Each structure stands twice: as structure tokens, then as C-alpha cells.
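Following the hints, put chain G with the ligands in place on chain X, whose structure we already have.
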Amino acid sequence: MKFGQLFKETLRNEGFPPEWIESALSYSQLKKCINRLSTELSELGLDPDTLGKLLKHVEDYNAAADQSDDRARPFEYILDDSEDEDGTGEKKPRKTFQPKLVFHVDEVTGALHSAQLDEKTKRKLQMLAVETGMTELRVFEEPDNQETPSHPTVASANSPKNRPGYRKIEIPLTSDTEFFTKLTAELSGLEALQKREEQRMHGEIQSLGRQIAHLTDPDRRSNKKLLSVWRQIFQLYLEEGIFFGTTESDHSAHDAAKAQERFNDFCEKLRTSGLSERLKKKENIEAFNTFMNINQEILQGLRFGEINETAMKKILKKFDKRTALGVKATVPKQITYPSFSSHLAKAVCAEVSTEILSHVPQIEDYACPMCMEIKWRPVRLGCGHVFCIRCLIVMQNNKQDRCPLCREQTVANANSDNLDEELAQYLKKWFPDEVKEKQRYNELMAGVDQYGEVYKEKCCVM
Amino acid sequence: MAALPKRIIKETERLSKEPVPGISAVPHDDNLRYFDVTIDGPAQSPYEGTLLPPFGGVFKLELFLPDDYPMTPPKVRFLTKIYHPNIDRLGRICLDVLKSNWSPALQIRTILLSIQALLGAPNPDDPLANDVAQQWKEDQNQAIATAKEWTEKFAKA
Ligand SMILES: [Zn+2]
Ligand SMILES: [Zn+2]
Chain X
1 MKFGQLFKET LRNEGFPPEW IESALSYSQL KKCINRLSTE LSELGLDPDT LGKLLKHVED
61 YNAAADQSDD RARPFEYILD DSEDEDGTGE KKPRKTFQPK LVFHVDEVTG ALHSAQLDEK
121 TKRKLQMLAV ETGMTELRVF EEPDNQETPS HPTVASANSP KNRPGYRKIE IPLTSDTEFF
181 TKLTAELSGL EALQKREEQR MHGEIQSLGR QIAHLTDPDR RSNKKLLSVW RQIFQLYLEE
241 GIFFGTTESD HSAHDAAKAQ ERFNDFCEKL RTSGLSERLK KKENIEAFNT FMNINQEILQ
301 GLRFGEINET AMKKILKKFD KRTALGVKAT VPKQITYPSF SSHLAKAVCA EVSTEILSHV
361 PQIEDYACPM CMEIKWRPVR LGCGHVFCIR CLIVMQNNKQ DRCPLCREQT VANANSDNLD
421 EELAQYLKKW FPDEVKEKQR YNELMAGVDQ YGEVYKEKCC VM
Chain G
1 MAALPKRIIK ETERLSKEPV PGISAVPHDD NLRYFDVTID GPAQSPYEGT LLPPFGGVFK
61 LELFLPDDYP MTPPKVRFLT KIYHPNIDRL GRICLDVLKS NWSPALQIRT ILLSIQALLG
121 APNPDDPLAN DVAQQWKEDQ NQAIATAKEW TEKFAKA
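Which chain is which? The protein sequence lines are X and G, in order. Mapping of the first sequence onto full-length UniProt numbering: position 148 corresponds to residue 148, and the numbering continues sequentially without gaps. Mapping of the second sequence onto full-length UniProt numbering: position 23 corresponds to residue 23, and the numbering continues sequentially without gaps.
This is chain X alone, in the form it adopts within the complex (with noise of 0.2 Å):
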């Protein structure tokens, strides 16, 4: 299938809001201005075989070490329309251009100054620039010392330099300004949805938010039950990583492909652990759901983001391709495509994470970094590392005096006021159940350390 066809299919079948399909780059109507812009220039004698040799031309040049003479140089197109950073680092707004096509030919003879061309094109240029010499091309030149200081990145490799005896045509053409200007403004579109929806997605996740810190806030009985389900759901989330790799060796951003698959994984997940039909009351499950559904938004994001990126380097390469004016190697700042994948999804995700994951604390974060399990009750040593109690016991019989972290003495001269009593509210608060078992577990433990293992035993008899 043409991608042109499979372009339009992907758009229509995928469930992409109506108001995104709109903003979406318009490639078959590109494509139109590509085949004008090819008529056009062969109506000038410059059919792709003749400016496709000119172009190899221009590239040898732009190759060769030695770019002070460039009398080798027969043409330029130049899309640059000079707009610089102007050094405060802020990024201005697109803007339109006019692309130049521009030769160099001789003052006098209007010849095309350059050995290396074969005749049969240097002629037909030539004639080309003393036909239109006359009639409509126009041609300029600029004042000497034309050098501009305040813009010293104008007189940068593709521009034209001044070269005395030589005249600078400029051919006219429209449907190349009429591409450009097309394709400009639609990427301005696409970065204006792309503000309009992170926008509209802040206020969706900020609202989850507050109904997640609500609905998991541990003060509130009714939640009891839910807080332990709503973790989970939130652990196999993490777990999964489904924007970004979240293991030693894939930290990167995934593509829609991989992030949808990730998904599939984590929804798959939900559905074996049972974990969403616990989630019984309404509002719950209306959190659940909005939840889910910034999740698929996220994935469309990424995926329409993702398609427009190929059309737009498809339709340059088609550009390059039936005019060969190469445009590709030369595409100025102006036309790169909007970050609407990966920023979109970071700055999403990011959210997700700071506004709703984290009004649920994950046991991860409050692990002992010995028995790996909740730091209960937890100890505060002299150097700042905090290890439940269990473990501290541990190492003093075993007269391990040194922090297992960062290996200074600070274990054996700690004691009871060491315990942490700040932290332990807030363990007992959000993690219940764990700090029960491990209050078990640490009693049973004591009993062993004073009466022997027969104490375990008899414990696990009752």
C-alpha cells in the first residue's frame, strides 16, 4: 500500500479524536504542491536528471575540504531564511520562509561559471538565465561589504556570498514557498494540539489526583480495604514501565508499539490478579476507569505523534525526490517535527507519577535495605540510614559495627532513641497490614533470641 493510502487508512481506523484528524499533516495535498513544483521547473528547462546532476554538484562542493573558492558551486537553494537564536535561548514561534533558488552565472556572458558541469546542462542554464534575464527572472545584486555583524551566521556555508563578476539569479518559483508555507503552518498546528491537549490532560490528572488522595486517604475507614488494592494496582503499573524502561539496562522512552504492547501486559495482569473487581464502589471504579482511559491517551498521543513525524519525512523525501533540489541534508530549524511523542508522554507520565502515584507510597520505598522487607520498627543510626529493628538486633549480636550502606560506625552505640517515631506513625498509617506481620515476625524473633529456637516451635505449634 502507498503510504499516502496507509497514512489516511491509519488516521480514519485508529480512533483518533476528529479534532486531531484535522490538525494532522495534510500529504496528499503536499504531494499535489510536489508535482506542481516538479511541472514548474521543468517548464524551466530544470527537469529532476538535470538538477539532480546540479545537486551532486553542490554536494561534492559542500564535501570538499577547500570551500574558499566557490566558483564550483553553481547553485544554491536556500531555505534558511537567516532567523537566528537571538542568544536568549527562547525559542521563536514558526515562521514562514521564502525558499531561494539561487545561480551564480556570469555578469557579462550570463554563462554558468563551473568546468565540472557537462555542456548540454551548462548550456541550457545558461540559456535559462538570459532568457529570464529578460523577461521575468530577476536578478540581484548586493552591495559590496554586504558582511552583517550582528549576524555573523548568515555568511555560514549555505548562504550566498558575494563574488565579484558574478550575478545571483533568482528563479522564481510558487508551489515550492506554497509547500513550504503549508507544511509550516501544519506543524504549528500539530504543536498547538500538542499544547492544547497537555494542557487539558494537566487538569484530568490533577482532578484524578485529588479523587486518588481521597479515595486512598488512610484516616478514612471506608478506605480500609481499598488502600492495599489501589497499591497493587499501582505496583504492577510501575512494574510494567510502560512509557519508559524502568530496568538497569533499558531506562529509554518506548514507542507507541512497545508502550501499547507494555500496556496489553499490564491490563492482562490486572485482569489475572483481580485486582480492579475489588474495587467495588463507584467512585472507585470511576477512578479506576479515568485512570486507564489517560493511559490510552497517553498511547494515542504517542502513536499519532509518531505517524505525523513519518509523513512529514516522507513528503521531504518525496520533496528531494521528484525535484531534487535536496532539501533533506539542508531542512532548517523551522521544519523539525514538534516533540509531540516523546515530550507529550514524559511530561504526562511525569505527572501521572508526581500527582497520582504518589499519594500512594509504594513498600519499595520503605524497605529495610537488609531483610528487604518493611523497615519495622524503624531505626534511625547516627549516619542517617534507617534499618528496621530486627535487623539492628542482628548485627549487634554479630558485632557488625559498621553501616551496611555506608560502612560507618554507627551501629553498635545505637539504642532506643534511635527509633524513628515520625516515620513509624506514618508506616503504621499507610501500610497496615505489612507492619503487623513484621511486628509478628520481629516478636517471634525476640522470643528466639531469649529462649532458643524450641521458642519458634512452639509458636508455630499454636
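Keep in mind that the hints were calculated from the coordinates and are not lab data. Bear in mind that the values here come from a model prediction, so they are computed numbers and not experimental data. Note that beta-carbon positions come from the ideal geometry of N, C-alpha and C, so glycine has one too. Hints should not be assumed to be uniformly reliable.
Claimed, not checked - Straight-line alpha carbon distances no greater than 25 Å define the calculated DMTMM-like cross-link-like pairs of lysine to aspartate or glutamate that follow:
no.: 1; chain 1: G; residue 1: Lys-6; chain 2: X; residue 2: Asp-433
no.: 2; chain 1: X; residue 1: Lys-258; chain 2: X; residue 2: Glu-14
no.: 3; chain 1: G; residue 1: Lys-17; chain 2: G; residue 2: Asp-30
no.: 4; chain 1: X; residue 1: Lys-269; chain 2: G; residue 2: Glu-18
no.: 5; chain 1: X; residue 1: Lys-269; chain 2: G; residue 2: Asp-96
no.: 6; chain 1: X; residue 1: Lys-31; chain 2: X; residue 2: Glu-19
no.: 7; chain 1: X; residue 1: Lys-280; chain 2: X; residue 2: Asp-420
no.: 8; chain 1: G; residue 1: Lys-10; chain 2: X; residue 2: Glu-14
no.: 9; chain 1: G; residue 1: Lys-137; chain 2: G; residue 2: Asp-96
no.: 10; chain 1: G; residue 1: Lys-10; chain 2: X; residue 2: Glu-19
no.: 11; chain 1: X; residue 1: Lys-269; chain 2: X; residue 2: Glu-240
no.: 12; chain 1: G; residue 1: Lys-17; chain 2: X; residue 2: Glu-240
To be verified - If you want a taste of the chain X side facing chain G, the calculated C-beta under 10 Å gives, among others:
no.: 13; residue: Met-370
no.: 14; residue: Cys-383
no.: 15; residue: His-385
no.: 16; residue: Val-386
no.: 17; residue: Cys-391
no.: 18; residue: Leu-405
no.: 19; residue: Leu-419
This is chain G with the ligands only, laid out in the frame that chain X set:
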């Protein structure tokens, strides 16, 4: 048998779910404190496998977690014969984190990573296999050649 501490369960889970590249550690079914370990010799070391078959460069080890783990370090030993100044004929390893520098905050995965690093950076000044260390100091090129030879001969996948 005493119940397996949660820590060991968690470490084992993570080792299988998020394996370290070039390292595997699988517990025995009948003794969850006993692990079969393989470590790939690091690239650009004499313990590296070949690019083409028979590949090789895979070293087998055994790892045992004593009852008082993590107060005491895991016991680790090479099963595959290896020519290395810090590993003796019985496969015992001279590595500070396995002895005096052990900390209960270290884990099976960190220890195995240290061993893999030791293969990439032999230290003949702190030897366990005296003869190998001597050879390493006197004629390093010859020692490396021997290490490669042994890798090819013994460290088969
Ligand atoms: Zn502990
Ligand atoms: Zn410490």
C-alpha cells in the same frame, strides 16, 4: 527446613525477572539457597568467548547462601577451570567484597557483577593462585595466552 527469608525470595525473583547481562543465577529446586551460576567472560579479556561457534567463554560457578546470610557473604566458587591470578585451583575466589569488605547491603547480583569485573581486571598483586600470579608478573603475554587457551579448552557453553 526453615522458611526462606523474604530477602532471598526477592533477590531470586529479581534475578530471573531482570537478569544482569552476561550473568545467570538459578536456584536448585530442592535447595533454594544453592544457585547454579554462569558468568560470560567480559569482552576484550582472555576469558571472552569466540564470535563464531563454538563460542564458549561461559564459566560455571556455584553460589551458596549460608544460614546467616546476609550477615555473612554468599559462598561462591568457580566450577569451570580458569587460569586467573585471583582464583585458585579449587575455584576459590580472592575478592574483598566476599570477605572483609562484605556488607549486608550487598546482594547476589552485586557480588556476581564484581566477579565478572574481576575477570576483566586480574590483580596479580593480591594473588590467591601464587604460581599464576608469578607467571602473570613475569611474562604477562604468556599468561594471557595461557588464560585464553584454558578458556577455549574448559569454558564451553
Ligand atoms: Zn531489616
Ligand atoms: Zn549509614
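Status of the hints after comparison with the structure:
1. Of the pairs offered as hints, the one joining Lys-6 (chain G) and Asp-433 (chain X) holds, with about 16 Å between alpha carbons and a cut-off of 25 Å not exceeded.
2. Straight-line distance between C-alpha atoms of Lys-258 (chain X) and Glu-14 (chain X) comes to about 16 Å, which keeps the hinted pair within the 25 Å bound.
3. With a C-alpha separation of about 21 Å, the suggested pairing of Lys-17 (chain G) with Asp-30 (chain G) holds against the 25 Å cut-off.
4. For the suggested pair Lys-269 (chain X) and Glu-18 (chain G), the alpha carbons sit about 18 Å apart, so the restraint of at most 25 Å is met.
5. For a cut-off of 25 Å, the pair hint linking Lys-269 (chain X) to Asp-96 (chain G) is broken: about 42 Å separates their Cα positions.
6. For the hint pairing Lys-31 (chain X) with Glu-19 (chain X), the CA-to-CA distance comes to about 22 Å; that is within 25 Å, so the pair holds.
7. With a C-alpha separation of about 36 Å, the suggested pair Lys-280 (chain X) and Asp-420 (chain X) falls outside the 25 Å cut-off, and the hint is violated.
8. At roughly 41 Å between alpha-carbon atoms, Lys-10 (chain G) and Glu-14 (chain X) are farther apart than 25 Å, so this suggested pair is violated.
9. Straight-line distance between C-alpha atoms of Lys-137 (chain G) and Asp-96 (chain G) comes to about 21 Å, which keeps the hinted pair within the 25 Å bound.
10. With a C-alpha separation of about 48 Å, the suggested pair Lys-10 (chain G) and Glu-19 (chain X) falls outside the 25 Å cut-off, and the hint is violated.
11. Distance hint between Lys-269 (chain X) and Glu-240 (chain X) is fulfilled; the C-alpha atoms sit about 10 Å from each other, no more than 25 Å.
12. With a CA separation close to 11 Å, the supplied pair Lys-17 (chain G) and Glu-240 (chain X) stays within the 25 Å bound.
13. Because the smallest distance between the Cβ of Met-370 (chain X) and any Cβ of chain G comes to about 5 Å, under 10 Å, the interface hint for this residue holds.
14. Annotation: Cys-383 (chain X) was flagged as interfacial toward chain G, and the flag is violated, the nearest CB pair being 12 Å apart, outside 10 Å.
15. At its closest, the beta carbon of His-385 (chain X) sits 9 Å from a beta carbon of chain G; the interface hint therefore holds under the 10 Å criterion.
16. The restraint placing Val-386 (chain X) at the interface with chain G is violated, with a minimum CB-CB distance near 12 Å, outside the 10 Å limit.
17. A hinted interface residue such as Cys-391 (chain X) counts as satisfied when its beta carbon comes closer than 10 Å to some beta carbon of chain G; here the least separation is about 8 Å, so the hint holds.
18. For Leu-405 (chain X), the suggested interface contact is upheld, since its CB lies about 5 Å from the closest CB of chain G, less than 10 Å.
19. The beta carbon of Leu-419 (chain X) is not positioned within 10 Å of any beta carbon in chain G (closest approach about 20 Å), and the interface hint is therefore violated.
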